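Q: Residue numbers (my numbering), protein chains in the order written: chain A, 305 to 584; chain B, 305 to 584.
Keep in mind that a hint or two might mislead.
Copies of one chain are not kept apart here, so a pair can be met inside one copy or by any two copies together.
Straight-line Cα separation of at most 30 Å, DSS-like style, residue types lysine-lysine; simulated pairs [unchecked claim]:
id, residue 1, residue 2
1, K580, K408
2, K503, K530
3, K441, K408
4, K584, K355
5, K453, K558
6, K343, K435
7, K530, K568
8, K564, K408
9, K558, K568
10, K448, K568
11, K584, K453
Since the hints were made in silico from the structure, they are not lab data. These figures come from a predicted structure and were not determined experimentally.
There are 2 protein chains.
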Amino acid sequence: MIVTIVGVGLIGGSLALDLRANGFADKLIGVENNDCNKKRALALGLVDEFKKLKAAVEESDLIVLTIPVEGIVVALKNTLNYINMKQTVVDMGSTKNHIVSSVKDNINFKRYVPTHPMAGTEYSGPDAAVKNLFANKVAIICDKENCDKDALRIVEKLYKSLFMKIIYMNSAEHDVHAAYVSHISHISSFLLANTVLEKEQIDENIFNLASGGFESTVRLAKSSPKMWTDVFKQNTDNIIEVLDTYLQLLHQFKSYMVQKDFEKIYEQIEMANRIKRIIK
Amino acid sequence: MIVTIVGVGLIGGSLALDLRANGFADKLIGVENNDCNKKRALALGLVDEFKKLKAAVEESDLIVLTIPVEGIVVALKNTLNYINMKQTVVDMGSTKNHIVSSVKDNINFKRYVPTHPMAGTEYSGPDAAVKNLFANKVAIICDKENCDKDALRIVEKLYKSLFMKIIYMNSAEHDVHAAYVSHISHISSFLLANTVLEKEQIDENIFNLASGGFESTVRLAKSSPKMWTDVFKQNTDNIIEVLDTYLQLLHQFKSYMVQKDFEKIYEQIEMANRIKRIIK
């Protein structure tokens, strides 16, 4: 199978490594706007060659979009206009509803499978690509009832070849749950980094005290500004809703501190400990 | 050297494992109120025997307090009353100023070295004890000018035997910096867990989406309620100050979202990325 990967960064590059190793792809074509990334991806042997989108699409059985979600909206429209009914398009963006809505009137809409593999690191670009990034993680496939059966089957086969567990959701539900669990975690981490950088003016103190829990909590604050601004743009309402709850609980905690009501604080921490039942 | 460890949990138990392995301690005595922990610690061979505080102290060259910080205040006072001028006491609590102040008039105050090893995990109890927990981490020694030179030297030798990097601070400074970096991280994580548990009613969704960043950000939310309530009790003012900054930045972020000012959001994330210069 000939596979085109649009955006050969952390996700696209890691995907390329696995699809070559497991034999899913016979040939890998990259599409990339950024010349530096193109050079690095070729030097790392992630893809066989780079082409312009149209030329790459015309040659491919499967086109995978792994760029930030605002870029996906544009690339997806173009890709669907270039393909025929035997080709399949899949995106791996962290939001789904806006992307799906943007192409629902396209004549080739049924060839498109909206997905979100729950895999990644805080790093970005082709140098961040690693083998087995996806193994044993969850891949979400959205609105499967809208897809042509053979297109869906190819994408399921793709994720199974990466050893992912597939779950199904509709795209609006996806965005609610992603906001509730993944997107709020990033906001919590971005602002924690900014808080600590603002309050603690001495870098060395941050470095020395980082193993007191800060390091793991702030890991996500290293994530790509472009990728995450796009996500926040496309999932604004769901994110504001969960951010309101987070703010409310932080204010409540602060008022317990001000009132020195440490019984209530103990209860809050005990409640937080319930996360153990879900995450070992 | 005979070492007594008061509180044979995550920190005390891990310490016992290392001090036995590196030959620093010839004999390890445990002091523990919790009968279950006592049994587990003996079963795991963490200490040689358990004694009451007074009997243990009388037999020991070095007494290490590794219980939650409210307990340290009580145990430290008792320990200082039991020792002679050849014995040394060290505590490993996450707050320092209140503990130090509580014994500054004690006749044996100079035998006490206040410290905070920046090492730990989100787990607690003797079963959480692991080897090499402290290696290559930072140990903070506070108010060294108040300590007898030989007492200070023994505690420095202790931390060097664990391969820790020692830094010095006064205890009031310690509490400010610990609030700014470590304590706020825990609050951010506890309330993130409660937010997600409140908004996302379906455990399976949390589990499935956890690898989208939530898992690492929420790790600290599994931490001990007793330990952290004590820390919040003893470092209230510093924590409220940094919590105010965190709340202010979260509100600002929310207002950018409401106004759909995504340029400002991009800037906020770019600012957060500066944490890379400190934490690789």
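Q: Using 30 Å as the alpha-carbon threshold, which applies to K584 and K453: within, between, both, or neither?
A: neither (37 Å within a copy, 45 Å between copies)
Q: How would you label the pair K584, K355 (within, between, both, or neither) given a Cα cut-off of 30 Å?
A: Classified as neither; 44 Å inside a copy, 34 Å across copies.
Q: When no copy is specified for K530 and K568, does a C-alpha distance of 30 Å or less occur within a copy, between copies, both, or neither?
A: between (40 Å within a copy, 12 Å between copies)
Q: Classify it for me, K564 with K408: is the Cα-Cα distance of at most 30 Å met within a copy, between copies, both or neither?
A: between (55 Å within a copy, 25 Å between copies)
Q: Is the C-alpha distance from K441 to K408 at most 30 Å within one copy, between copies, in both cases, or in neither?
A: Close inside one copy (28 Å), not across copies (54 Å); limit 30 Å.
Q: Checking K580 and K408: alpha-carbon separation at most 30 Å within a copy, between copies, both or neither?
A: neither (40 Å within a copy, 40 Å between copies)
Q: If the cutoff is 30 Å on CA atoms, where do K503 and K530 land: within, between, both or neither? Let me know, please.
A: Both: 26 Å inside a copy, 27 Å across copies.
Q: Please sort K453 with K558 into within, between, both or neither, judging by C-alpha distance up to 30 Å.
A: Cα proximity of K453 and K558: none, with 53 Å in one copy and 41 Å across.
Q: My question is about K558 and K568: at a cut-off of 30 Å on alpha-carbon distance, are they close within one copy, between copies, both, or neither?
A: Both: 11 Å inside a copy, 27 Å across copies.
Q: Can you give me the call for K343 and K435, within, between, both or neither, at a CA distance of at most 30 Å?
A: within (19 Å within a copy, 44 Å between copies)
Q: My question is about K448 and K568: at a cut-off of 30 Å on alpha-carbon distance, are they close within one copy, between copies, both, or neither?
A: For K448 and K568, the Cα distance exceeds 30 Å both inside one copy (45 Å) and across copies (36 Å).
This entry does not satisfy hints 1, 4, 5, 10 and 11, going by the numbered hints stated previously.
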